[in-house]
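Engineer: Chain order of the listed sequences is E and L. Residue 319 in numbering that gives the first Met the number 0 sits at position 320 of the first sequence, with consecutive numbering throughout. Residue 195 in numbering that gives the first Met the number 0 sits at position 196 of the second sequence, with consecutive numbering throughout.
Just so you know, the hints here were simulated from the structure itself, not pulled from any lab data. The model shown is predicted, which means the values in this text are computed figures rather than measured ones. Among the clues, some could well be false.
Any copy will do: because identical chains look the same in the list, a pair fits if it lies in one copy or spans two.
The list that follows gives simulated cross-link-like pairs (lysine-lysine, DSS-like), each with its CA atoms no further than 27 Å apart [what the hints assert, rightly or not]:
(1) K301 <-> K200
(2) K82 <-> K193
(3) K5 <-> K82
(4) K77 <-> K120
(5) K117 <-> K5
(6) K5 <-> K201
(7) K286 <-> K315
(8) K9 <-> K286
(9) K200 <-> K168
(10) K6 <-> K200
(11) K322 <-> K197
Residue-level listing of the chains:
There are 2 protein chains.
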Amino acid sequence: MNELDKKFQKLGVDNAPGQNTATKGESPNNANILVDFSHGDVDAFEPIPESLNTFIEGVNLGGEQAYTEYKGDGIIRKVVAEKLEYFTNTDIDYLSEMIITPGTQGALFLAIGSLVTKNDKVAIIEPDYFANRKIVEFLEANIISIELDYLNTKTGAGLNFNKLEEVFKTGVKLFIFSNPNNPTGAIYSEVEIKEIAKLAKKYNVNVIIDQLYSRLLYENNDFTHFCALDKELYENIVTITGPSKTESLSGYRLGVAFGSARIIERMEKLQAIVSLRAGGYNQSVLKLWFAEPEHWLEDRIKKHQLIRDEIISKFKEVEDLVKVRTTEAGSYLFPEVLRLNINIKEFVEKLRYQENVIVTPGTEFGPQFTNSFRINFSQDYENTVEAINRIIRVIKECSS
Amino acid sequence: MNELDKKFQKLGVDNAPGQNTATKGESPNNANILVDFSHGDVDAFEPIPESLNTFIEGVNLGGEQAYTEYKGDGIIRKVVAEKLEYFTNTDIDYLSEMIITPGTQGALFLAIGSLVTKNDKVAIIEPDYFANRKIVEFLEANIISIELDYLNTKTGAGLNFNKLEEVFKTGVKLFIFSNPNNPTGAIYSEVEIKEIAKLAKKYNVNVIIDQLYSRLLYENNDFTHFCALDKELYENIVTITGPSKTESLSGYRLGVAFGSARIIERMEKLQAIVSLRAGGYNQSVLKLWFAEPEHWLEDRIKKHQLIRDEIISKFKEVEDLVKVRTTEAGSYLFPEVLRLNINIKEFVEKLRYQENVIVTPGTEFGPQFTNSFRINFSQDYENTVEAINRIIRVIKECSS
Numbered sequence: 000m001n002e003l004d005k006k007f008q009k010l011g012v013d014n015a016p017g018q019n020t021a022t023k024g025e026s027p028n029n030a031n032i033l034v035d036f037s038h039g040d041v042d043a044f045e046p047i048p049e050s051l052n053t054f055i056e057g058v059n060l061g062g063e064q065a066y067t068e069y070k071g072d073g074i075i076r077k078v079v080a081e082k083l084e085y086f087t088n089t090d091i092d093y094l095s096e097m098i099i100t101p102g103t104q105g106a107l108f109l110a111i112g113s114l115v116t117k118n119d120k121v122a123i124i125e126p127d128y129f130a131n132r133k134i135v136e137f138l139e140a141n142i143i144s145i146e147l148d149y150l151n152t153k154t155g156a157g158l159n160f161n162k163l164e165e166v167f168k169t170g171v172k173l174f175i176f177s178n179p180n181n182p183t184g185a186i187y188s189e190v191e192i193k194e195i196a197k198l199a200k201k202y203n204v205n206v207i208i209d210q211l212y213s214r215l216l217y218e219n220n221d222f223t224h225f226c227a228l229d230k231e232l233y234e235n236i237v238t239i240t241g242p243s244k245t246e247s248l249s250g251y252r253l254g255v256a257f258g259s260a261r262i263i264e265r266m267e268k269l270q271a272i273v274s275l276r277a278g279g280y281n282q283s284v285l286k287l288w289f290a291e292p293e294h295w296l297e298d299r300i301k302k303h304q305l306i307r308d309e310i311i312s313k314f315k316e317v318e319d320l321v322k323v324r325t326t327e328a329g330s331y332l333f334p335e336v337l338r339l340n341i342n343i344k345e346f347v348e349k350l351r352y353q354e355n356v357i358v359t360p361g362t363e364f365g366p367q368f369t370n371s372f373r374i375n376f377s378q379d380y381e382n383t384v385e386a387i388n389r390i391i392r393v394i395k396e397c398s399s
Numbered sequence: 000m001n002e003l004d005k006k007f008q009k010l011g012v013d014n015a016p017g018q019n020t021a022t023k024g025e026s027p028n029n030a031n032i033l034v035d036f037s038h039g040d041v042d043a044f045e046p047i048p049e050s051l052n053t054f055i056e057g058v059n060l061g062g063e064q065a066y067t068e069y070k071g072d073g074i075i076r077k078v079v080a081e082k083l084e085y086f087t088n089t090d091i092d093y094l095s096e097m098i099i100t101p102g103t104q105g106a107l108f109l110a111i112g113s114l115v116t117k118n119d120k121v122a123i124i125e126p127d128y129f130a131n132r133k134i135v136e137f138l139e140a141n142i143i144s145i146e147l148d149y150l151n152t153k154t155g156a157g158l159n160f161n162k163l164e165e166v167f168k169t170g171v172k173l174f175i176f177s178n179p180n181n182p183t184g185a186i187y188s189e190v191e192i193k194e195i196a197k198l199a200k201k202y203n204v205n206v207i208i209d210q211l212y213s214r215l216l217y218e219n220n221d222f223t224h225f226c227a228l229d230k231e232l233y234e235n236i237v238t239i240t241g242p243s244k245t246e247s248l249s250g251y252r253l254g255v256a257f258g259s260a261r262i263i264e265r266m267e268k269l270q271a272i273v274s275l276r277a278g279g280y281n282q283s284v285l286k287l288w289f290a291e292p293e294h295w296l297e298d299r300i301k302k303h304q305l306i307r308d309e310i311i312s313k314f315k316e317v318e319d320l321v322k323v324r325t326t327e328a329g330s331y332l333f334p335e336v337l338r339l340n341i342n343i344k345e346f347v348e349k350l351r352y353q354e355n356v357i358v359t360p361g362t363e364f365g366p367q368f369t370n371s372f373r374i375n376f377s378q379d380y381e382n383t384v385e386a387i388n389r390i391i392r393v394i395k396e397c398s399s
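All chains, please: the whole structure from these sequences, using the hints.
Structural biologist: Have a look at this one:
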């Protein structure tokens, strides 16, 4: 097996969100309604109102909108940059410090691809979004992982500062993390964010922060925007976000990255050979982002919070079997089955074929999470409650 | 300057199609209408009728269409594969041998990224689509170029078989070429295609063929589909195409790749970390491809042919100054200014600022094309004729 074969062997997609449809044909007759917790349900939580009409306006602009600059249409970048400046309390020059990408996945690939090459060291949190690790592996860079003590931490995400410094000292070029954390829904505290900034500066480490879920905050939780901390640090950081999750615009494939002009310039060069640009007409839809109808976001948060609370209360009833941290932001939960007596792959398949429930195995987020699974609870309330009952039944069945 | 800096220095985007809008602000007051020959004008040649309505049907399908498999929605893949089977006279298993990508650019990146890694040798035609070279450079593989004698060849594109074999002998892993050739509009003859196949087999070389323009054939020119030649060879080849050019669907960012199941599987894994999928709703629009209204394609070809003929006849009037091969397929022309007395960058800028005409410098297609430029004549007829007059005026001005 050559180097390329090995590289692609690591790049599995079987457990990835949305990917389970690949096995739809094999699904058994099942009296239960299929609940796919691997990603949010945009039929239960619909896209921002007027999304389609705004897309149509883009089509009606014709060639001008079809062939935007690679980094995205200038007018739309200006509109979005202003919203993000206000949201994050950061200055963003839309001409040089922002790029529109095909989804936040696109932004993540371009950002990592702009900052590391073969054999570079990259620090990654575990658990964290699985594509971080896979992109680094595709680029043949080396991963150094930092485990998050998310289950035993009350304030913050559970970052160990000594471990972080130890890792930065080894000469890492890049640190990647999501805030709120995917898959746990933990928010990094201000103290944690400032410590990351301090160490990134001290060791001259580039930082990519994925803030995809930073609008969906429960109980008005505090959220510290890393990018707003320090203008000097700003040259080495890129923040990634987009309207695919909270705003349910995933079908339009839109993301943005903002930050260092040096990194954004490279990302545009890379986008030119990877996909040219986010769909030209699609970009129009970004005009609605952060400009939703009054109370739209509050309402969305409230509805998600109800679902979260119901799931948490159900898991609490079996707390001798399952441990879970309450989501502080976003729509993910990452329960750990304490005494799982089958392996996680079998557990996930049992849920899939016996209960018609799709979850993502913990091992996608770090090899050590062999007893955990992720659910995205941005779903229909009733269906979710039903499905959680089925999950708990399987947990009981499979606990020793 | 470190390795990564060097890599990104090579990845320029300034002369890329559509990218000139980045300098729009600097454009002078100019009495002439802007004609952007760097890409087709989708206002002059509009998208396939009902494209937008078909997109809307996709949106109305909701979550199912938003979250397709990474390689694209199964039903749409099936529909498209059947059309492509008929068009190319090839068997295509839509389950494993085809992927939908964000544009053909997306397909090209995924295909090359699936086949080569650092220090591998890649054979590339010159002139050929500029992104081929750039992707190979990003992957830190090595380019071995094969020059096409397109100006002096009557039948075929002008491929030198001895040179091709000599290059293949050096141990290249991959050969990439576009047919019809971009930027010259030359079609490879059946003899040439068979020779490529013979040598690819002999030296076990993977082949990526970009057939983006293979529907827009003038005068019923013959076109040999490489993929249809040899089932055994099929395991090592990927054909790339899409509806962005002839069908003017560029704003929807859609492409497809079909061929070797081994390569397509890798491409899907790579797509999972690069952009997840082509826009879910956008994919719906592919249902119209190869299913256009009766005579729609013939009419489109006829109109392009009129423009081509007019441009060629104008260049023939100054054949002591400019040499050009008549386009056999697609909408590109690649004229060579025989006695250009300024450099190509200055020439292109003169056209831009003095004449309000955008063309792509020849050096994007190979470093040796210092006297050539590419135009995409998929434009409004009247505007094109006017703009060609302005180009010829500048050629006269700048010829010694």
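Engineer: All hints, please: hold or fail.
Structural biologist: Here is how each hint holds up against the structure:
Taking the shortest alpha-carbon separations for K301 and K200, neither the intra-copy value of 38 Å nor the inter-copy value of 62 Å comes in at or below 27 Å. With identical chains, the CA atoms of K82 and K193 are at most 27 Å apart within one copy only, with a shortest distance of 24 Å there and 57 Å across copies. When the C-alpha separation of K5 and K82 is checked against a cutoff of 27 Å, the pair qualifies neither within a copy, at 43 Å, nor between copies, at 35 Å. Taking the closest pair of Cα atoms, K77 and K120 never come within 27 Å of each other, the shortest separation being 35 Å inside a single copy and 42 Å across copies.
Taking CA atoms no more than 27 Å apart as the test, K117 paired with K5 passes in both settings, with 14 Å inside one copy and 14 Å between copies. In this assembly of identical chains, K5 and K201 lie within 27 Å of each other by CA distance solely across copies; the values are 26 Å between and 35 Å within a copy. When the C-alpha separation of K286 and K315 is checked against a cutoff of 27 Å, the pair qualifies neither within a copy, at 41 Å, nor between copies, at 49 Å. Proximity of K9 and K286 under a CA criterion of 27 Å is satisfied in neither setting, with 38 Å inside one chain copy and 34 Å between copies.
With identical chains, the CA atoms of K200 and K168 are at most 27 Å apart within one copy only, with a shortest distance of 12 Å there and 50 Å across copies. Proximity of K6 to K200 under the C-alpha cut-off of 27 Å is restricted to the inter-copy arrangement: shortest distance 25 Å between copies versus 32 Å within a copy. Taking the shortest Cα distances, K322 and K197 never come within 27 Å of each other, neither inside one copy (33 Å) nor across copies (62 Å).
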